[in-house]
Amino acid sequence: MESGYRRFVNHWRNHCIDFINNAFAMYLSKPESTYKSAIHHFSTLDQLRALAVARLAYRHLRLTFVMLLFSAIAFTSSAQTTNDLNYYLQRGENSSPLLKDYQNQIKTSAYDSMLVKAANRPQVLANGQVTISPSLNGYGYDQAITNGGNYAALVTVSQPIFNKGILAPQYRSIALQDQTLGNNSQISKLDLKKNISAQYITAYATYQQLLSNKEVYQLLYTQQDLLKKLVQGGLYKETDYLNLEVALQSQEITVSQLIMQYKTDVATLNYLCGINDTAMVLLTEPDISSAGYYNKSNSVFFRQFTIDSLKIANNKSIVDARYKPSVNWFADAGLQASRPDIIYKSFGADFGLNLSIPIYDGKQRKLNYQKLEIAENTRADYASFFNHQYNQQRAMLIQQLTESENMISQIQGKLKASQLLIDLDKKQLNVGDLRITDYILAINNYLTIKNNLDQSEIARFQIINQLNYWNH
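When you read off a place in the sequence shown, starting at 1, and then add 148, the result is the number in my numbering.
Calculated directly from the structure, the hints in this document are not laboratory data.
Computed from a predicted model, the values in this text were never measured in an experiment.
Cβ coordinates follow ideal geometry from the N, Cα and C atoms, glycine included.
A portion of the hints provided could be inaccurate.
Pairs of lysine-lysine residues, derived as DSBU-like cross-links and limited to a Cα-Cα distance of at most 30 angstroms, are as follows [stated by the list, open to error]:
no.: 1; residue 1: Lys385; residue 2: Lys255
no.: 2; residue 1: Lys464; residue 2: Lys312
no.: 3; residue 1: Lys341; residue 2: Lys385
no.: 4; residue 1: Lys377; residue 2: Lys255
no.: 5; residue 1: Lys575; residue 2: Lys385
no.: 6; residue 1: Lys255; residue 2: Lys575
no.: 7; residue 1: Lys265; residue 2: Lys464
Restraint ranges, calculated between C-beta atoms of paired labels, are given here [as the list claims (entries may be wrong)]:
no.: 8; residue 1: Leu503; residue 2: Asn298; range: 25 to 31 angstroms
no.: 9; residue 1: Tyr492; residue 2: Leu273; range: 40 to 46 angstroms
no.: 10; residue 1: Tyr471; residue 2: Ile280; range: 26 to 32 angstroms
no.: 11; residue 1: Thr256; residue 2: Glu521; range: 30 to 36 angstroms
no.: 12; residue 1: Thr387; residue 2: Ile570; range: 29 to 35 angstroms
no.: 13; residue 1: Phe495; residue 2: Ile280; range: 41 to 47 angstroms
no.: 14; residue 1: Asn242; residue 2: Thr426; range: 28 to 34 angstroms
no.: 15; residue 1: Ile570; residue 2: Gln603; range: 27 to 33 angstroms
no.: 16; residue 1: Asn242; residue 2: Asp509; range: 48 to 54 angstroms
no.: 17; residue 1: Leu359; residue 2: Asn242; range: 28 to 34 angstroms
no.: 18; residue 1: Ala479; residue 2: Asn242; range: 52 to 58 angstroms
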């Protein structure tokens with residue numbers, strides 16, 4: 149039975165040595181001897197203890213391999229692409245089909261002005277007509293009306309004149325439509341910037357959590373060799389060593405989850421920006437600072453209400469233009485005859501003017517005025533409500549920003565105290581005057597405070613991002 153345990157322990161020991169050597173040769177190109185000596189040491193214990201320690205050593209090697217692999221792949225700046233917020237903002241803006249749509253609509257509206265102008269230039273038409281009105285024994289159309297037929301081939305020209313007052317509202321309507329498209333394009337760009345920045349901050353928050361948990365893992369890991377020696381010296385129990393192993397395993401699970409979450413956050417960021425890439429990248433700290441406050445009269449959010457008011461006023465001018473006299477000049481030339489035998493001498497030309505004056509249309513102008521008045525009241529209601537929301541939103545964000553900055557200052561003080569406590573606990577741990585559970589508790593408290601600091605800083609970034617959005 150004793151030789152069976154010994155063979156089993158040796159099997160685990162050799163398996164662990166091969167595992168760590170292969171892993172380090174692949175990713176770090178240098179073997180590790182610390183774990184060999186540790187396993188050789190534990191193989192001299194009694195069989196039951198050796199079996200338990202060998203299993204713990206294998207689990208610890210697996211944990212160390214995961215962390216080293218994570219460090220070598222995900223946190224080696226020389227082997228990774230580092231992107232900042234501006235990179236994603238530019239890619240997102242260049243890839244956005246909505247912004248391109250607005251640009252194309254603005255280009256299209258330029259042709260609307262050209263169409264209005266072209267419609268008021270001379271219009272040239274060519275018309276031809278042959279009409280025969282036969283009669284039999286006095287039956288048929290009255291010859292005094294039809295002349296027996298009509299033979300015509302004419303080129304006509306016509307153009308409205310004295311119509312600047314009619315055209316002016318049409319040109320203003322197109323110009324106001326351009327302003328609406330431009331303003332909507334700016335709002336869409338701000339929406340895109342806000343959404344990309346928010347997702348970037350979210351991904352960066354996960355990245356910071358990764359760094360914090362990696363730091364905690366290193367704090368625990370650096371005490372492992374010392375704890376082994378203290379266990380051998382009888383200052384600590386083997387259960388203390390097991391508590392440290394459990395803490396390391398917990399950190400491995402946390403780091404693995406954060407790696408998955410970080411990849412998901414970066415993938416979502418790429419999705420928003422139209423980037424087709426799944427490579428691991430590192431994110432720099434968001435370069436987000438509070439933008440200056442824009443006057444409401446220059447704000448893109450209030451500008452739309454101003455444009456809508458101008459549109460309503462211009463629509464009133466369009467209604468008025470319908471009741472202005474309109475004048476057209478016309479001219480035609482060609483042939484026009486009632487009988488085929490006189491076609492040769494029926495060539496000629498004429499010209500003249502058409503005048504149209506609206507007199508009564510059933511009070512349509514008054515009804516249109518009433519519709520426009522209702523539209524203006526609706527616009528004013530929306531503008532007033534949005535103004536209250538805008539003021540409340542900015543006031544709330546400014547208050548949150550102040551509270552967040554105060555909270556960051558408080559947490560930074562607590563973090564310094566927690567770091568000092570860990571340094572003191574290390575000294576006590578080195579001489580066996582501190583329980584390992586107390587040391588782990590101090591590290592967990594440090595991690596909690598560090599996470600609170602990271603979350604507060606991330607919340608501050610998010611608040612500034614929102615505030616910058618409304619400041620435009």
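Now for the hints, and whether the structure bears them out:
1. Lys385 to Lys255: violated, 79 angstroms
2. Lys464 to Lys312: holds, 16 angstroms
3. Lys341 to Lys385: This hinted pair is violated, its Cα atoms lying about 56 angstroms apart.
4. Lys377 to Lys255: violated, 77 angstroms
5. Lys575 to Lys385: At roughly 18 angstroms apart (the allowed maximum being 30 angstroms), lysine 385 and lysine 575 satisfy the hint.
6. Lys255 to Lys575: With a Cα-Cα distance of about 72 angstroms, the restraint between lysine 255 and lysine 575 is violated, given a limit of 30 angstroms.
7. Lys265 to Lys464: holds, 21 angstroms
8. Leu503 to Asn298: 25 to 31 angstroms: The hinted range 25 to 31 angstroms holds for leucine 503 and asparagine 298, with Cβ atoms some 27 angstroms apart.
9. Tyr492 to Leu273: 40 to 46 angstroms: Check failed, 24 angstroms falls outside 40 to 46 angstroms.
10. Tyr471 to Ile280: 26 to 32 angstroms: violated, 44 angstroms
11. Thr256 to Glu521: 30 to 36 angstroms: Distance hint for threonine 256, glutamate 521 holds at roughly 31 angstroms.
12. Thr387 to Ile570: 29 to 35 angstroms: violated, 22 angstroms
13. Phe495 to Ile280: 41 to 47 angstroms: Violated, since phenylalanine 495 and isoleucine 280 (Cβ atoms, about 20 angstroms apart) do not stay within the stated range.
14. Asn242 to Thr426: 28 to 34 angstroms: At roughly 20 angstroms between Cβ atoms, threonine 426 and asparagine 242 fall outside 28 to 34 angstroms, so the hint is violated.
15. Ile570 to Gln603: 27 to 33 angstroms: violated, 20 angstroms
16. Asn242 to Asp509: 48 to 54 angstroms: Holds - the Cβ-Cβ distance for asparagine 242 and aspartate 509, about 52 angstroms, lies within 48 to 54 angstroms.
17. Leu359 to Asn242: 28 to 34 angstroms: Holds, since leucine 359 and asparagine 242 (Cβ atoms, about 31 angstroms apart) stay within the stated range.
18. Ala479 to Asn242: 52 to 58 angstroms: Check passed, 54 angstroms falls within 52 to 58 angstroms.
Checked against the numbered hints above, the structure breaks hints 1, 3, 4, 6, 9, 10, 12, 13, 14 and 15 and satisfies the rest.
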